[in-house]
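Q: So the sequences go chain by chain: A and B. Plus 8 on top of the position in the first sequence (first one is 1) and you've got the numbering used here. Plus 57 on top of the position in the second sequence (first one is 1) and you've got the numbering used here.
No wet-lab data here; the hints were simulated from the structure. Note that this is a predicted model, so its numbers are computed, not measured. Nothing false has been slipped in among the hints.
Label-pair restraints from in silico Cβ distances:
1) A:L845 x B:P337: 38 to 46 Å
2) A:G547 x B:P337: 35 to 43 Å
3) B:R362 x A:F108: 52 to 60 Å
4) A:D178 x B:R362: 30 to 38 Å
5) A:R436 x B:P337: 22 to 30 Å
6) A:S238 x B:P337: 22 to 30 Å
7) B:R362 x A:Y615: 55 to 63 Å
For glycine and all other residues, C-beta sits at the position ideal for the given N, C-alpha and C.
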Amino acid sequence: DTSGTMRVGDMQFGNALDPRGWTPMLYPADPDGMSYLHAGMLRTPTGLPYRFPPAAADVKPLGKATDWTYSGVVELGFIHVGGGRNAEFFRQYADWKSGFALGLLALDFQNAKTGQYVELRGSRLSGDDQFYRLRAGQYGRYRVEAFYRDMPHTVSTNAYPLWNGVGTSDLTLPSPLIAGASTPGQVAAAHAGSSRRTIGLTRTREGIGIEGTVWRNWIGSASVTNEKRSGTRLWGGSMFFNYPFPDNGGVLETVRPIDFRTTDVNLSVRNVGRIWRFMATYTGSFFRNNQDHLNFESPFRLYNVVGTPQVADIKYGQFSLEPDNDYHNVRLDLSRELKGNGQFTVAAAYGTMRQNDALLPPTTCTGTGGIFIAPPVNYTFNCADWNTTNALSQKNANARIDTGLIDTRLTFRPTPTFGWHANLRWYREDNKTRYLAYNPITGQYGYISENGSQGSIVPGESGIFDPRNPLLHSANVTVRNVPYGYTDTLFELGGDWEVAPKQSLSATYTFDHNQPKYRERKRVDDQRIKLAWVARSVGGATIRASYEYASRTGDHYNYDPYKQFFSESLAGFVDPVTGIAAHTVDDMRKYDLSDRTENKARLILTYPWGDSTTLSATFYGSRDRYDTQIGRQNTSTTGATLQWDWQPTPATTMNVYLGAEGTRLGISNVADNESLIGSNIGQTNPSLGGPLYPYANQWWEFDRERNSNAGLSFSHDFGRVRADVSYNYSGSFGHVGYNYASLAALAYHGPNAAAAAGDSFPDNSYRSNSVDLGLSFRFTNQLGMRLFGRYETGSFTDFHYAGFDNTLDYDHRVYTDKGPQRHYSASLVGAMLNVKL
Amino acid sequence: VAWPGQAGAQQAAPASSAPLTQQDIARMLPATDMGAGHGHGMATYTAATHPGDTSTATSFDAASIPTNPLMPKADPIGSKTCIACHTQENIQASHSLHVASFRAGSERSGPQAACETCHGPGSEHAKNPTAPGSIIAFTHDSKTPPAEQAKVCLGCHAGGARQHWTGSIHELRDLSCTDCHNPMARVSPEGVLAKPSINEVCAGCHQDIRAKFNRRSHMPLPEGQLACTDCHNPHGTITKPLLKTDTVNETCYTCHAEKRGPFLFEHAPVRQNCLNCHDPHGSNQQTLLVAPIPMLCQQCHTMTRHPNDLQTAAGMGTGASPDERVMGRACLSCHTNIHGSNNPSGSKFHK
Chain A
9 DTSGTMRVGD MQFGNALDPR GWTPMLYPAD PDGMSYLHAG MLRTPTGLPY RFPPAAADVK
69 PLGKATDWTY SGVVELGFIH VGGGRNAEFF RQYADWKSGF ALGLLALDFQ NAKTGQYVEL
129 RGSRLSGDDQ FYRLRAGQYG RYRVEAFYRD MPHTVSTNAY PLWNGVGTSD LTLPSPLIAG
189 ASTPGQVAAA HAGSSRRTIG LTRTREGIGI EGTVWRNWIG SASVTNEKRS GTRLWGGSMF
249 FNYPFPDNGG VLETVRPIDF RTTDVNLSVR NVGRIWRFMA TYTGSFFRNN QDHLNFESPF
309 RLYNVVGTPQ VADIKYGQFS LEPDNDYHNV RLDLSRELKG NGQFTVAAAY GTMRQNDALL
369 PPTTCTGTGG IFIAPPVNYT FNCADWNTTN ALSQKNANAR IDTGLIDTRL TFRPTPTFGW
429 HANLRWYRED NKTRYLAYNP ITGQYGYISE NGSQGSIVPG ESGIFDPRNP LLHSANVTVR
489 NVPYGYTDTL FELGGDWEVA PKQSLSATYT FDHNQPKYRE RKRVDDQRIK LAWVARSVGG
549 ATIRASYEYA SRTGDHYNYD PYKQFFSESL AGFVDPVTGI AAHTVDDMRK YDLSDRTENK
609 ARLILTYPWG DSTTLSATFY GSRDRYDTQI GRQNTSTTGA TLQWDWQPTP ATTMNVYLGA
669 EGTRLGISNV ADNESLIGSN IGQTNPSLGG PLYPYANQWW EFDRERNSNA GLSFSHDFGR
729 VRADVSYNYS GSFGHVGYNY ASLAALAYHG PNAAAAAGDS FPDNSYRSNS VDLGLSFRFT
789 NQLGMRLFGR YETGSFTDFH YAGFDNTLDY DHRVYTDKGP QRHYSASLVG AMLNVKL
Chain B
58 VAWPGQAGAQ QAAPASSAPL TQQDIARMLP ATDMGAGHGH GMATYTAATH PGDTSTATSF
118 DAASIPTNPL MPKADPIGSK TCIACHTQEN IQASHSLHVA SFRAGSERSG PQAACETCHG
178 PGSEHAKNPT APGSIIAFTH DSKTPPAEQA KVCLGCHAGG ARQHWTGSIH ELRDLSCTDC
238 HNPMARVSPE GVLAKPSINE VCAGCHQDIR AKFNRRSHMP LPEGQLACTD CHNPHGTITK
298 PLLKTDTVNE TCYTCHAEKR GPFLFEHAPV RQNCLNCHDP HGSNQQTLLV APIPMLCQQC
358 HTMTRHPNDL QTAAGMGTGA SPDERVMGRA CLSCHTNIHG SNNPSGSKFH K
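Next up, chain A with everything else stripped away, as it sits in the complex (with noise of 0.2 Å):
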């Protein structure tokens, strides 16, 4: 009896070989089933097929004066993996190598007479996809474990970086190229002899942990996992813009390093009595980022817009990596049995996350940043005052968000037939980080937008404003961090009725008072109603429906609570003459905060269909509207499953499996008429079918996607040999399709823009087929061999990627992935000595 499920992670130790992590072959299923008084198979309350279960293992005595005996399997053989071994989705979170493997190793070891007892699981793909854990102890006593393991994560097989040092936190251009002084040409021509590389990532864990009784009812456990994550992501780069000023700005797709170390502590005790049931936990989490920045070097020149000679030499790029944090949590959970059947139940959690990093300074430029125009029109800024962490006003993060909890409940079932319950919860997240963006060194407030680019490009868009300069003075930047938090308070009450014999209805009010900080609404209010039918027994059917409907309002929409982290709170901000620009269209509503209406509903349905068959099926559904004209309109959900299981001997199994389901999502937004800003002709206006944001740039957009699954597997063993087949289909298609009510809506406006928009992208879709075959040869009771092979192909289109089989480089923009394969097929075969040990 362990807390393991109430931890997070490492509750499964398997791999893409056996994703159970135990599948023994020379343990077929027990010919007698599980009971020489009942035919067939067993089934669980609800009318699921419970497996046969597989011979008992040969147990045999560890020695001759000892009460332990143990028991144990190895499997052990070579793998051939061909076609198309890199494939990214053959290969996503499977280590697939051609050569040894280690399929399991099972060691049992028991003492009956003493109840102590010791395992050992592992299992070996390659050096970064394999486990093994050791458990030991004594049963209802205490338990050791300590497992070890490394699991794998590719995120593309195929990308093609430009850059030298490609896994390191600084990333330098090829020859020839120079930085800041390379034309797209040169670019694409040393881009074009980059080498194919895998982007991906391997989580090394290992752990201990014990549990046990401490001292008569009360039990303690204490675990440290350790986690090692490294590798590489795909990651960004900016050096602004390159749509509207072509031969200008830059984008860049760089490749970060993933150099992670997280240590977890888990420490608990708990005291379980008839009357009363204690518990208090501890977690903390402790992050550590090897590498706190990337740096990277962009090849491109950059040009101000207003045609004066560049002063600017902006070539570098920088990114902070994400913070050491620590986090701690403590939690007191507390239940006690009440008279009349009830039970009253609290826990309440401190918790708390912090950083303190070291800051980077705003910028990595040298010399001059900005544009010079003519005197006295200077926007430029010396590096120098930027480049070092002495112009901030803080050297570090000092970021810290702090929460609480209490959540009661109470239930009571006063009578076999009829039951309530409760249930208050009351949650704060409090953020108490404040940075206010000052340079002491130049007195000026802001930052240094994409290290030097922006303001190096667009007149007075280098971030920084600054009361004193008539050119600065009105320039409204971020000054201060948004410290969002939020406070949920909900309350539920709830009934439940058995209306008939393995029959029962309920029904559940839920009211959830969310009062966010320093967002659109101060109080979001979400009231649901659900309805539920549990019958067990509809013709020997389980069928669990419900309905729900649930209502979301709150108070006044603020579209614009931002100001105060804007220089425009600031003294000494001058209204420009031709006011500021209005920050978004108020009719805006953002979707995690908007009013809104859902419907909810779903079955489940479990048949058992005579002795040896079981039908399944799902319906679901979902409908939510939203209640605004610009943002998220509405969503949908639509889907059925259906499952049919047949055992009809332990020898004999077979499954088909059917899904197919269907999503809805539908947004509206509103171009503004960008020729308005900076003019005194109604940019400050924020009203949709105003002069900024005219209903004639309102667009709609809608994304229609469609699911579908199939799979058979059947497995009969016909003695000595056991044959098992499987094959399994998934699809995916997507459509994103949009109509607007005129061209000035678009991105793009140049000619031929309405046939070169269409009404839809290309449709996305994946596919993937996959057949498994197995035969495990039983030679002796001893020693079997598995032989097995495994065909998968698959197809995948994106219109993200579209061109990038073609060229990975446009203009001023650089891009690293060309996603995944088009088409695949890959294969592997097997074989694997079994032995028991």
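Position chain B against the provided structure of chain A, taking the given hints into account.
A: For chain B alone, kept in the frame of chain A given last:
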């Protein structure tokens, strides 16, 4: 290895092909080893009832025998009697973690921690094996309500991970422990599950969720690296989706600790709930996103200038006007630190 003293009911059956009568069965049963008819005094094995027992056996040997509400007058009869008929069950159950632990205890201090610890006193069942409800049963045809079944299990397994079972969605939907667990056989590497793996157990009802794991981007459940119970506690928690932590984000941070921050500059929907943008079970988009970018971002970002233009096929790499707001990582090409930036110039997540 089976329990000692098994009688083998089938071997002792009459040669006649006529079906057994209840009297036949009663005659065939061995004498009880627990003093059936002595009331419930044996129902709880404690130091007080057995002062001479100084063994260090496991705590299971003190497990109580639950009352069967449908047979309140039944008495314990001991496992030896049960096994006389349930031979195969004994063989299988002895190899499950659950019963193996009982077995270890009973060998030291008595057989009470055995069949009847879960199934209730068996005297009425022995007399009339086919009578519905004569024993606490845990399968589909059981007359024992799921709540009573769960009460038996919680007799030993209350608290800890099951502290919040009462009132949880699985309890309210009339699930029994044995909907997911089969303590009578070892079909899974651990957890005495009803199916060979946690994920297969959950998929028995949550078939639509299982299907999501077949999508283009997904958590590595089909590859055996994760289980549903890595994030969810099916035994009940204080959250509706049965998350193991207090909020969605805290669950995500457990593996994605780098996203925890806090960051100098936060992105509101990210800090509030990861599910605003991600479907953790699986998605047709990259990185578990709930919608294709830039559409995902344009649900909220209507701000003046570049965010609110309608992106169309013209902006693709093969389009009339390739646009970085559509191609590749789209918005994330520039706003890369979208989960939060710790850079003093990172308020727009460029840095």
